[in-house]
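A.B. asks: As you go down the protein sequences, you meet chains A and B in turn.
When we follow the working numbering, the leftmost residue of the first sequence carries the number 15, and every step to the right adds one.
When we follow the working numbering, the leftmost residue of the second sequence carries the number 16, and every step to the right adds one.
Keep in mind the hints are simulated off the structure, nothing from the lab.
This one's a predicted model, so the numbers in the text were calculated from it and none came from an experiment.
Possibly wrong hints are sitting among the right ones.
The calculated lysine to aspartate or glutamate pairs, modelled on DMTMM-like cross-linking and capped at a C-alpha distance of 20 Å, are [what the hints assert, rightly or not]:
1) A/43 to B/155
2) A/442 to B/54
3) B/17 to B/38
4) A/125 to B/166
5) A/473 to A/453
6) B/17 to B/118
7) A/102 to A/122
8) A/442 to B/57
Chain residues, written in single-letter form:
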Amino acid sequence: MLTITQHKHDLLIIGAGLSGLRVAIQLAKDFDVAVITKVHPLRSHSVAAQGGINASIGEGDSWESHAFDTVKGADYLADQDVAEILAKEAPRAVIENERWGTAFSRTEDGKIAQRPFGGAAFPRTCYAADRTGHNLLHTTFEQALRCGVKFYNEWFVTSLVKNEGRICGLTALEIASGEIHSFIGKSVIVATGGFGRVYGHSTNAVINTGDGCALAFRIGAPLKDMEFVQFHPTTLYGSSILMSEGARGEGGYLVNSEGLRFMDKYAPEKMELAPRDIVARAIRTEINEGRGIEGEYVHLDLRHLGREKILERLPGIRDISIYFAGVDPIDEPIPIKPGQHYSMGGVHTNKNGATPIAGLYSVGEAACMSVHGANRLGGNSLLETLVFGRIVGEKIGEYLPTAPEPSSECVEDDAFRVREKLQEIMLKESGESPYEIREVMGTTMDSLVGVYRREADLKVALSMIKELKERFKNIFLGHSDKRYNYSLIRILELENMLDLAEVITMGALMRRESRGAHWRLDYPVRDDNNFLKHSLFTKIDDYVKTEFIDVNLGMFEVKERTY
Amino acid sequence: MKLRIARSREGGTITHYDLYKIELRKGMTILDALFQIQDKMDPSLSFRYSCRGAVCGSCSMLINKEPRLACRTQVSEVQGLAMNLKRFPALTDTPPGWNPEDEILIEPLPNMPVEKDLVVDMTRFYRALETMKLWIDPEEGEEAHLQSPSDRKKIERYVNCILCAICYGSCPVNAEQVEYLGPASLTKALRFAEDSRVMNPERYLESANALNGVSLCDLVMNCVKACPKGVAPGGAIRTMKNP
């Protein structure tokens, strides 16, 4: 084919999780909005969020308290003006989704029920049993259908295109046909979620490969705070499926091989409900010091909660334990260990979601505004998607009428380039196994860029990743078809993840301190003099420029962080 | 362990079955096995996936003639499972050469056109959500509704639906009548109609009572047996048939 099929919309939203959908709903009435997503919207990873969404709607609670907990939880690396917006707008976001139909769990007097969560001064986490993300995503998708949002389902975005410093469109692979199309738009929003699958052990869906972050990075949009990777304390041993923080919020214990609760040693006041970074390190330390069960995991014990509470509040956790570990938490403790869970870092944006490239925005886990700093509190990620989905939508609504009309040819050249690149991959007759490269990347990141880090390990990891990137140049897909070629998709995802793995490791190396989720054994204290800064990574030709930029401090004084 | 997998390069019909020998690992699910095949043996094999934790609803397929989520089905346990579904051709016709003793049979979810291998065209399934307008019509207001725990409990079973389409693929009526809206969308209509916060419940019941709606259901209850989330669509449909 000599031509490339072209599509044109006012704005192109990449990703149909909660962030992307919320932006789309905001703008569908006034603009021509298209959502481009590699899976059907209901299969987005927002669906897997369990424990809840924070909002200070309880009696005696306040947005200030929520903002403070967020900033302290972030080990003071969050931008305080952004944390303020998150906390102030939280009740509105929760109420909006309730009015759209989300079936929140209820108190006896019919109000939205709230449970305690790690690092929070109040029981502030609104929930729908332990299926909060599922409820919110289905509800928000229903509203997107009601608004008539145009969806391109099962399309994989292959590149972003800018022209004279301004975004003008993108190229995408229609998975069903295997054809590359071009899309023209005045604005592009990266809402592709996190990149957990860079790690071998992750709670994330298989699809969480950080595609949008890598695509934005490649056209010169900086990434920020990439070394801050959250390891969730409780992931199911074996499959790494998430076991909600709600399990501890409802009163679950963590128990080592000696049958002892051990959190008193690490967070005597908050115990199991310390923030995730602290609990994850505690579990890792117990295992490293020989108090792991079979040397590999610890127990999450819910038995004392009783059958009724488990069935009512944690039915999803129980199902997962039964089906994936053969354990019924009513009768037995659940084997768990820490695993990658969330990407605090992402595309560098301001509080409006704008990147330094005109017209290019990002929101949700893909973005780094930064609201979570060095460690995100449980219940704040669902919240971020809905609060900032709306706000970024509003800001794009102000931008669009001022944006120049992109030329219809601006994406053409790149579409031909991408098509040729894919054809080359398809036609290759031998080379490197994508599976092997993916496995080595995952084990490298797990073992050398994990909960505990040190310079020697990080240097090894960086050279391993660079070597994998070299090997990737000779990637071999194998005999496959044009239509529904998921092996090809997985190769393109791997290419994206390798770029991100490199930046994560670079960030971990250059941050010679311990803060939040980033713990350096060789620099075990926080160093505000040198590192109360965001790290920034910009791709310039073939190298990555690194720098530190200021954190927006404000109402909360930077203090030592204890729980 | 061996997997015998239905193949269809161009879509439309299953053209043949390929047999793969997998390396069994502890805790391995059918989805893990499919990835092992795609990674190490046959990159041309197509199937949908996402969360691998039984909540996104992507990987519905026919496993040993029963519709299941591949990610929630343990390879080592498949042979001991039985849903006892009412039979229709897609659940009874077996390919020549299949040896149920040491082969697991993997086929696309029935009642939808095959796109490629295990990927089916779900357009009809999704379209019902739009034609039936299965959403809340928001009204002005700034307060959250009150809802008693018991009122919430009335809809809990239904809101647990993940729209995986296993009910649709298990239904003998969907097998014969392409226009039938199917168990999931009808159940979702009741989910809204029974929600104490909804001001216009009739609208949802009317959409479920369309000519291609609840009246076509024969109360076979395959959907109830096959649903991986305990939603029991057949019960919801019975409620709407006999208000």
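A.B. asks: Take the hints in turn and mark each one as holding or not.
C.D. replies: Hints, one by one, checked against the model:
no. : hint           : verdict
1   : A/43 to B/155  : holds, 17 Å
2   : A/442 to B/54  : holds, 17 Å
3   : B/17 to B/38   : holds, 9 Å
4   : A/125 to B/166 : holds, 12 Å
5   : A/473 to A/453 : holds, 19 Å
6   : B/17 to B/118  : holds, 5 Å
7   : A/102 to A/122 : violated, 26 Å
8   : A/442 to B/57  : holds, 16 Å
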